[in-house]
Each structure stands twice: as structure tokens, then as C-alpha cells.
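Colleague: As a plain string of letters, each chain reads:
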Amino acid sequence: TQLLEQSPQFLSIQEGENLTVYCNSSSVFSSLQWYRQEPGEGPVLLVTVVTGGEVKKLKRLTFQFGDARKDSSLHITAAQPGDTGLYLCAGAPRSGAGSYQLTFGKGTKLSVIP
Amino acid sequence: SQTIHQWPATLVQPVGSPLSLECTVEGTSNPNLYWYRQAAGRGLQLLFYSVGIGQISSEVPQNLSASRPQDRQFILSSKKLLLSDSGFYLCAWSVVGSVTDTQYFGPGTRLTVL
Numbered sequence: 046t047q048l049l050e051q052s053p054q055f056l057s058i059q060e061g062e063n064l065t066v067y068c069n070s071s072s073v074f075s076s077l078q079w080y081r082q083e084p085g086e087g088p089v090l091l092v093t094v095v096t097g098g099e100v101k102k103l104k105r106l107t108f109q110f111g112d113a114r115k116d117s118s119l120h121i122t123a124a125q126p127g128d129t130g131l132y133l134c135a136g137a138p139r140s141g142a143g144s145y146q147l148t149f150g151k152g153t154k155l156s157v158i159p
Numbered sequence: 005s006q007t008i009h010q011w012p013a014t015l016v017q018p019v020g021s022p023l024s025l026e027c028t029v030e031g032t033s034n035p036n037l038y039w040y041r042q043a044a045g046r047g048l049q050l051l052f053y054s055v056g057i058g059q060i061s062s063e064v065p066q067n068l069s070a071s072r073p074q075d076r077q078f079i080l081s082s083k084k085l086l087l088s089d090s091g092f093y094l095c096a097w098s099v100v101g102s103v104t105d106t107q108y109f110g111p112g113t114r115l116t117v118l
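Protein chains in written order, with our numbering: chain A, 46 to 159; chain V, 5 to 118.
In short, the hints are calculated from the structure, not lab data. These figures come from a predicted structure and were not determined experimentally. A virtual CB, placed ideally from N, CA and C, is assigned to each residue, including glycine. You can take every hint at face value.
Covered stretches of chain V (in silico footprint by chain A; criterion: 3 or more residues with CB under 8 Å from a CB of chain A, positions within the stretch not fixed):
#1 48 to 61
#2 101 to 111
Beyond 10 Å from chain V on every Cβ pair, some chain A residues (computed):
#3 Gly61
#4 Asp112
#5 Val157
This is chain V alone, in the form it adopts within the complex (with noise of 0.2 Å):
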């Protein structure tokens, strides 16, 4: 079966500080791999998607960047954080070519910036 494990599950990192979560997806092989964010536990707001090694597609400029950089392995990066990068951040993975696109999330990452 298939599992996405997202790491770390908390942090809180000053403004002006690096940011590095990963999120990486067993049982598969090939998969879409999607960033969102998610403010006060509500709607999930698409910030990166991906197709493939390398490939990177950006919904929503910002302060944040994606990197694809094995087949399972997607990173959300910042050089700088600012303080409205604060939130709840999830991976979801898909299965390339389905009929219905759907996807399955990880745990989250819930990022304080102070």
C-alpha cells in the first residue's frame, strides 16, 4: 500500500530564517506530487504541483519554491521566511493518468514564523 510521510510535523522558525520541508511517498511509482497550504483549518490553496523529476509548476507567487529532486521526493523551500508564511502545510500525492485525479494527503506540516 501506499504511504506519505511528511516531515518535520512542527516548527517554528524566526523571520528571515531558511525553510526546508520534505514530504516523500512510498508504493508508488511515478506520482504527481502537490504543496498547499491551509489557513485556520480551512480551504487548501494549490502552491506547487509536479509531473515528474525536475518538473515544477507554481500556482501562486510567493516567497516559497518547489524541487523535485528523486521520483518520491518533493521539497518546499525558502530562503527567507516571512511571517505570512505561517500555516499548515500539506504534500498529497496522485496517480499519474487517472480517471478520477484524486489525492491523498500527508499529515502536514504546521510552520510558525515569529
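Only chain A is shown next, with the shape it has when bound in the complex (with noise of 0.2 Å):
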């Protein structure tokens, strides 16, 4: 069973700050997908990567996906009151596992304070 650990589970900053929040695993994935989700909403998705040791950017957002394809993380740049939220990672399985399902973390909850 493929599992992914998001960390840390709740984070709470001052306007301005940077974080970074991670998802690990021991398998490997052939994508990741990480995800923001608003109270009462459905999850948005931010970004998709694909290949080890991938850096993508979206503004303040900054993605990896490890060399190994094992592991991402999410840097957030001077962050704001809008960046609050539950931000879930999703690792695809490796192709030709003929299956099409994603693996969820639990997720990591932010709040960002004015």
C-alpha cells in the first residue's frame, strides 16, 4: 500500500512569512499533484509534476518533486491571508500499475494570519 506523509499537519504564520510544507513516501510516483481546498469547497488543483528533481512555479508558489520521485515540497513566498487553506498532495502510481487511483495525504492546514 502506498502511503504519503504531509508535514507538518497545521501551520500558522504571520503575514510575510515563507513556509514550506512536504509529502514523503518509500514509493516511488509517476506524477504529483498538489492541491489547495477552501472550507466547504473542493480541492483546486495548483500543479501537477512529472519528472525527478522537477521545480515548478506558480507566483509565490514554488513545487519540487524529489530526484527519486519519492518525496515534493511546497515553498510559499512571502505568504498572505489568501494562501490559507488545506493543501493536500496526490501521488499517481507508477505506469503500467494499471491502476487509477491517487494516493492522498492527510494534508497539511494552514492558516496565515494578517
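With the hints as a guide, dock the two chains, each given alone in a separate frame, to form the complex.
Modeller: Structural data, given as C-alpha cells:
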């Protein structure tokens, strides 16, 4: 069974601070997705990374996929209250595994205080 | 562009009553479709997925069932709701044969069973 561990589970920071959240596994994934979810809404896709070592930037958000495709990180620069939400990572099993399922982490709940 | 709809947005039902939640996808053909349940704003539990009309795979033995009467319609049902069925239900879709298996989520349905 593939597992994704996200850390920290909770994070409360002041506006303007930087932060990094992590998504780790002992399994290899063919791709990894990051989502942000606000209360009462569905998760919204932020990025998909597919290549080991890949770095993608989305404004103040930087996503990195580990070289071995077992882990990923999300770094937010100068956090804003609008960044508040639940951040979920999800990994797709190795290509050819015959599964349509994503493995989800339990999420990091981020609060950015004005 | 593709859009995914879920209804109703919220639902309060008594124990023992039936349930029908609907999900439709627009702007794509023959998607993979998924039903998830999310407890307390945390991780997602996959309930069912479908790779085509009439093809349903169940991931968790439970009081619920799913059907796919049309290509872009996915329905979650129960004949008799239990208190433990309360939660936030999310529908998602993905592209068949996608390299990344990225899933796109609907807005969700909040179900409260009393």
C-alpha cells in the first residue's frame, strides 16, 4: 500500500513569512499533484509534477519533485491571508501499475494571520 | 473548457432515508469518474471509480452504491442512510489514458445524517 505523509499537519504563520510543507513516501510515483482546498469547497489543482528533480513556480509558490520521485515540497514566499487553506498532495502510482487511483496525503492546514 | 457540477450542495437527511447525489462533467468525453468522502476537512477516502458507462469499482465495503447511467454522469446512492454516512462528498474526473492521472474535483456535497 502506498502512503503519502504530509508535514506539518498544521501551520500558523504571520503574513509575509515564508514556509515549506512536505510530502514524503517510501514509494515511487509517476506524477504528483498539489491541491489547495478552502472550507466547504472542493480541492483545486495547483500543479502536477512528473519528472524527478522538476521545479515548478506558480507566482509565490514553488513546487519541487524529488529526484527519486518519492517526495515533494511546496514553498510559499511572503505568505498572504489568501494562501490560507488545506494543502493536499496526491501521487499517481508508477506507470503500468494498472490503477486509476491517486494516493492522497492527509493534508497540511495552513493559516496565514494578517 | 471542462467543468464539473455536483448537487445538491448541502443535504440534511434522517437516518434510514434514501440518498442520491449527482455529478456531471461537461466539456470532455469518456472521463474516468470518482466518488470520494472527506471527513473533518482532512484526507480523502476513495469510495468508487468508473472507467466507463455501467463500469463501477468499489473501494470500500459500505452502505453506499454508485451508478454511471451516462458517459458524463455519476450518481452516488444509498437505500438507507446511517449516521456514519455524514461527511463531505466529492466527485472528480480524469482523462482516460492520461500520463499524469491528474484528477479534477467538483465543489462537493455536505451531507448531514441526523
